[in-house]
Amino acid sequence: MWAIQLFNGLSYSSILLLVALGLSITFGLMNVINMAHGEFLMIGAYMVYVTQHLFQQYAPAAWFDSYYIFALFVSFTVAFFLGMLLEMGLVKFLYRRPLDSLLATWGVGMMLQQAAKMIFGAPNVAVTSPSWLEGGLQLTSVVVLPYKRLFILALVIVCLLSLYIYLYRTAAGRSMRAVMQNRDMAGCLGISTRKVDRITFAIGSGIAGLAGSALALIGPIGSSLGTYYIVDAFMVVVLGGVGKLAGVVFGAVTIGVLNVFFESWLSASIAKVIVFVIVIAFLQWRPRGFVSLKTRALES
Amino acid sequence: MKQGLGTINRESQFKWIVYMLILGMMLLAPLFLSDFRLMLLAKYVSFAIVAIGLALIWGYTGILSLGHGVFFGLGAYGMAMYLKLEASGGKLPDFMVWSGQNELPWFWMPFSSFFLTLLLIVIVPMGIAYGLGFLTFRNRIQGVQFTILTQALVLIVVTLLIGQQAFTGGSNGITGFKTILGYSLSDPTVKRVLYWITIGVLALLFALAYWMTKSRFKRVLLAIRDGENRLRFIGYNPAVFKAFIFAVSAGFAGIAGALFVLHVGIISPSMMGIVPSIEMVLWVAIGGRNSLSGAVLGALLINYAKTTFSEAYPSLWLFLLGGLFVISVILLPRGFMGLMKDGMQKIKKRRKREDANENNIDFTFGESKR
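Those sequence lines, one after another, are chains A and B.
Each residue of the first sequence is one higher than the one before, starting from 18 at the first, in the numbering used here.
Each residue of the second sequence is one higher than the one before, starting from 53 at the first, in the numbering used here.
Since the hints were made in silico from the structure, they are not lab data.
Please note that a few of the clues may not be correct.
[As the list claims (entries may be wrong)] Some chain B residues judged to face chain A by a derived CB distance under 8 Å, without partners named: (1) N191; (2) G195; (3) V196; (4) Q203; (5) L207; (6) L370; (7) F371; (8) G374; (9) V381.
From the three backbone atoms N, C-alpha and C, an ideal C-beta is built for every residue, glycine too.
Extracted from the complex, chain B is given alone in its bound form:
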């Protein structure tokens, strides 16, 4: 028994060491990468934040959202509006002038304050997600139907953003930023600082999600995934929990979107449409939906692959994307991390069996039957 506990501790120690090593490597990355590559890496890192949120709702709670592009986009638009106002220096943003607007629309007003922007980046996606989640989960709309509704949400928000060109910049999106809080966005030092901030946010949100998945709260989430009705009979109200975790995950996506804009310098409806939203799900599917680190890994790897691959064969990317979905769902339902875990388990079992054979003592307590 003692030995068993020992291995668990050793394992988690090992895990933390690996996490810290990766974190250290990512913090040092600016020293070795060109500005362009650093921008790409920062972009992947902000995508990884979305992936954490998605793993929370999909892997742990069993809610599949094809609408995270919207929450990502709302965060991104929030930050973009702030940057645009700062770049316009008190005047109307250029695209509004072109489409004949005379004054700033009311919903742009709060974004002249950096503090309010930071708040709204989180609150707006969370609010919309909580509203949609509560209204649907309350009526026990779940599974496929909910997923379809999230996809409809994407279509609507994208059509709205394109249609209301005078307020949102239309299909060109918002771009042409210059400074943030007075610091030039094209300055390499500012870029590095922003990159470190992004890594910090990733670490912080990862820790937050990790803490959630180690607490009793996680048991409720897993119970929702595996037997929602039983949970209901015990006396919980799954709707509240589901809406809450959906909102948290949307908040993650909003923050990620804001960071994305800081690095990439543009947000347009095509970056948050149906295909990008479902791509986000793919990162988590490939990495391993039941594992937060898997989701992060998936986001980083798939995006790296996408950049490399689409530089060489741009038209084939969608083909590969579709194929990856089919393969990952059929052959690797638990993703890369699931594969790793299975492998570790096998090695461990074999080692145990060898030990037991040598000492002629059965350490496995009947588990070997499995």
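Chain A with its partners taken away, still in its complex shape:
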């Protein structure tokens, strides 16, 4: 029994992790929280829906099962470029005013939701998952791990690994870490901080798109899809701290497992209260979250 709980917890954690990854890197780099992040999830999910329709109409029926792989690319790319657009068109101007950028991106999110309602209609839609994701892995007679959940877990691990390689093994990632640690100094040494910001924001949004396409597998797609996950994802960022991937992983696993555990033990609404109290209590001990960049600067 507890094994199923643990798996459910980890499964929820993996989704949270995917949602929070993009938030965390943009927050760490630019101190900007993208409130439209949830809407990028929604865009990613709708992109799966659109790709599925395109495949149904224009591709041979035998290819249909592979549509989801294409959809992942489409979701990432569309969210990536929309994120870049948002950065260039809006966030850039509010660079020294993080609270204002929070409000402005929320406004954008609101408009995106309304736009989705107009394009795709108010009722939720659903996608047919490819046949290779149906069913589950039979461990014992009662414990079945659905392939969809396992796939999401794998997707998260792939994302984490590629992000790790990008951050720690490439030149672009190195300059990103440099900007994160000391923006002015990095700028003085010839790194274009503007470009780094733009790319980071775009990558963060792209990952949100991927997260959205994962969500499309496990539930209905609607314009308010993002709002279910986004607040928990914010808590992950606050709890985990910024600057290192380990922080997000810690935050997501903690919040995910705790949520599922208390939900099964008490009720869903009480679980949320308890998790919130735990987060606040944890912040008494580590105000900057689980990990934090060591710095001598006074202003964070």
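Starting from the known structure of chain A, arrange chain B on it as the hints suggest.
Same frame as chain A, but now just chain B:
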């Protein structure tokens, strides 16, 4: 120099005259409005009280709260619980009976007394705000992180209210009130009196906030906004001040919520959720976050616009709401009042320059360089 002081006095006199005129107009409003419109106006006025509180923490102290819906809601639920108990006449409220409750839960008990209700409407929001504020500000959690925590608070309280249906009425909220202190709530005279009380509370709280922003206390608040660390080095403890002003602002929201319930006759979780909470911030952003009168004006105007607009195009309101946020933040960071102030300054400067040119005397003391 004398002339300069004279203009300041004249200006503030002018300001007070305008305030008094507006107050007079609002007091006379029931004579000209239908009952329905009066109810709407009263609703806007109670929203304006929230806006004052928000301006205090956001414009003056630099704390952005997306959680004021919660404090508003707590005040509203407090009043609703009292009205519900009075309407049930000593029996269990109807929704509790439907969900199989046998006796009144303990936290409903104090709300059978009107006096205790009035106290709790203020104390509960203030207590929660002070607790959250102190625990976070103490650890120097500020800015965006604090804002996120306030939003999480909204989500939690709303889920809790919906989840505990037997105690809170669930997503339907609490409604079905009849009387207050024995007077019928549907009686037009009672409605008018309640409206005047609301205006009185607005004036009183506005004066309180105004007094705060004219005292030395305001300097501490501004210092927190502009240079918290410097203030800390001088020897102040910003955490206490921040938690205090956050609690005051939550108290304002609680009072506003209670008044809201008196006029609208219902409170449900959807009126205090994430979107309503952030809408409250918009009123202040549009009106002018650095100005109390701007916040009041913003709340009144935006809500009037919302009613008019959503009567005609209900689905487009959210679109407009989002757009207003983007526009106000990018183009009008100081809101409508900031725009007015800039305009006044320009006129004044031009007049001064003309005067100086005519008399060939420089009154500006080098300020003209700016």
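Here's how the hints hold up against the structure:
1. N191: 4 Å, holds
2. G195: Holds: closest Cβ of chain A sits about 6 Å from G195/B, inside 8 Å.
3. V196: 5 Å, holds
4. Q203: 6 Å, holds
5. L207: At about 5 Å, which falls below the 8 Å cut-off, the nearest Cβ of chain A leaves the hint on L207/B intact, so it holds.
6. L370: 5 Å, holds
7. F371: Since chain A brings a Cβ to about 4 Å from F371/B, closer than 8 Å, the hint holds.
8. G374: Given a least distance of 3 Å, the restraint on G374/B holds.
9. V381: Hint holds; V381/B Cβ to chain A Cβ min 4 Å, cut 8 Å.
In terms of the numbered hints stated before, the structure departs from none.
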